[in-house]
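Each chain, written out:
Number of protein chains: 4
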Amino acid sequence: MSRVTDYKVLVEWGDCDPAGIVFYPCYFRWFDYATDQLFDEAGLTKDDLIARYGVVGRPIAEATSRFLIPSRYRQRFVIRSRVESWQEKRFTVLHQGWRDEQLLFEGRETRVLGARHPEHPDRLRAIPIPADLRALFEGTGQA
Amino acid sequence: MSRVTDYKVLVEWGDCDPAGIVFYPCYFRWFDYATDQLFDEAGLTKDDLIARYGVVGRPIAEATSRFLIPSRYRQRFVIRSRVESWQEKRFTVLHQGWRDEQLLFEGRETRVLGARHPEHPDRLRAIPIPADLRALFEGTGQA
Amino acid sequence: MSRVTDYKVLVEWGDCDPAGIVFYPCYFRWFDYATDQLFDEAGLTKDDLIARYGVVGRPIAEATSRFLIPSRYRQRFVIRSRVESWQEKRFTVLHQGWRDEQLLFEGRETRVLGARHPEHPDRLRAIPIPADLRALFEGTGQA
Amino acid sequence: MSRVTDYKVLVEWGDCDPAGIVFYPCYFRWFDYATDQLFDEAGLTKDDLIARYGVVGRPIAEATSRFLIPSRYRQRFVIRSRVESWQEKRFTVLHQGWRDEQLLFEGRETRVLGARHPEHPDRLRAIPIPADLRALFEGTGQA
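Chains as they are written, first to last, in our numbering: chain A, 17 to 159; chain B, 17 to 159; chain C, 17 to 159; chain D, 17 to 159.
These aren't lab readings, by the way, just hints derived from the structure by calculation. Glycine residues also receive a C-beta, built at the ideal position from the N, C-alpha and C atoms. There's no promise every hint is true.
Claimed, not checked - Derived SDA-like pairs (lysine to any residue); straight-line CA-CA distance at most 25 Å:
(1) D/Lys-24 / B/Glu-154
(2) A/Lys-105 / A/Ala-142
(3) A/Lys-62 / C/Pro-34
(4) C/Lys-62 / A/Arg-88
(5) D/Lys-105 / D/Ile-85
(6) B/Lys-62 / D/Ile-85
(7) C/Lys-105 / C/Leu-84
To be verified - Per label pair, the in silico range of CB-to-CB distance:
(8) A/Asp-63 / C/Asp-116: 49 to 59 Å
(9) D/Gly-36 / B/Arg-92: 50 to 60 Å
(10) C/His-136 / D/Asp-148: 17 to 27 Å
The following block holds chain A by itself, in its conformation from the complex (with noise of 0.2 Å):
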């Protein structure tokens, strides 16, 4: 019973491809979003994060999709998101594309929570998931 959010996407011309479809790229871009959303309605914010916790960002370690159906110029459709499972200095959030009843397509992003390195202040670190952030993200009871 994680935190789920839903990212509406309104398919536009710069999207799609001389096929006609989406050009396949631009769901990473969706899901990069979702996930902000869904930090977002957790209450943690970019602002947030370095706040409480240090961290200044969330670097991508692995991210995948299976795509099953095409989408086209001004269709609709949702990516519906929540961490499905944590590591030590990992999560996995896995996004969902649904349009009625059909499953469009289906990825994974990995993330760590990146907090400025000690001794090289330009780079990034993987810190251990804290765990009440993690917290945020389960048991709302929303799905």
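Chain A is fixed; fit chains B, C and D onto it per the hints.
Just chains B, C and D now, kept in the frame of chain A:
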């Protein structure tokens, strides 16, 4: 010993995000272009695919990438790409990002060859990979 | 008193550059979408344009924008758009970006209505603006 | 006889829209990169601008383009760029797109040199164009 292509990238301003590193969906854009280049160098432009095989597209079935080292504005790297595996109706392209001797990222695209569906001309249908097409990617001695 | 549309923008991470502000070409992307919305609200989707006028596209002839105040990640603004002028075969859409009472940018797109060229079907030819099309953008009392 | 740069473009799949031609905001992306290249070739990388002039950015004040001939997937063209005019605190870069002997588009970017505002370090302030900076773009005999 399969055919290999090197797609050269110069990271531009608009490819980078406020953290100063490449916005990760851009990597998938470059994967798509590297696959185009791989096919072009095999003598299979999009026009050739239509003329010789009735293949009007190479729809993406799955895309994935692990990100090891970020890249910044004006850095250069090469995406080295080759077909890693062939299934009956699918093939997987491996994309490795290299700068100097460092592996920056490693991605894979799984695609099908799409011909017009005989009964639904606005839809595509995956065809079995023709043996002579596959041969164009094998045994070139380049890798 | 011409028809006006408000296109809402939430600035996302990938829209911003390493300076932390919107990468300016994104504004033209949004202008394109705002024009789509303006036509849609006038009852002229791309399908309608084909069916009623044989118009298969609205190619851009000229685009311009002045940029007054930059926008940053997660800021919101509205693009207020209307047809500013009609020529025989061209029309100009004015796009103004507003946040609160501040004018952020002001752009213009000049477009033509493109029908298939009778002798070169792969090319477009600008047609005179139909009077009843123009009427759909005038006198709506919205502005 | 000002400094000129040629920025080479190969139109990729994701640059094109369902009409099969370049989605016009992409041209402004390339203008931005062509200006970067023009400055780089003048010996003024973004790092140089900071070190020598305290200039942390070249914010865009105005951008405009006329579009004469569309380009399609896998076509190539060159953007020929030079500073067309200098004002006290502004300069305008002319960008012309050429394929063979054909002028495809003609754009202009007007930019300022932005230094940190002394009282508001998160804001930029346009500085007068230094004479020695301007000299780097003049009299090179290339055009």
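Now for the hints, and whether the structure bears them out:
At most 25 Å may separate the alpha-carbon atoms for a hinted pair to count; D/Lys-24 and B/Glu-154 exceed this at roughly 31 Å. Note on A/Lys-105 and A/Ala-142: the hinted pairing holds, with a Cα-Cα distance of about 6 Å set against a maximum of 25 Å. Only pairs whose Cα atoms come within 25 Å are accepted, and A/Lys-62 paired with C/Pro-34 is accepted, the gap being roughly 16 Å. With a CA separation close to 13 Å, the supplied pair C/Lys-62 and A/Arg-88 stays within the 25 Å bound.
Between D/Lys-105 and D/Ile-85, the direct Cα distance comes to roughly 33 Å. Violation of the 25 Å bound is thereby established for this hinted pair. For the suggested pair B/Lys-62 and D/Ile-85, the alpha carbons sit about 22 Å apart, so the restraint of at most 25 Å is met. Straight-line distance between C-alpha atoms of C/Lys-105 and C/Leu-84 comes to about 31 Å, which puts the hinted pair past the 25 Å bound. Separated by about 20 Å at the C-beta atoms, A/Asp-63 and C/Asp-116 break the suggested range of 49 to 59 Å.
Between D/Gly-36 and B/Arg-92 the beta carbons are some 30 Å apart, a value that contradicts the proposed interval 50 to 60 Å. Evaluation of the 17 to 27 Å hint for C/His-136 and D/Asp-148 yields a failure: the beta carbon distance comes to about 52 Å.
Comparing the model with each earlier hint shows violations of hints 1, 5, 7, 8, 9, 10; every other hint is respected.
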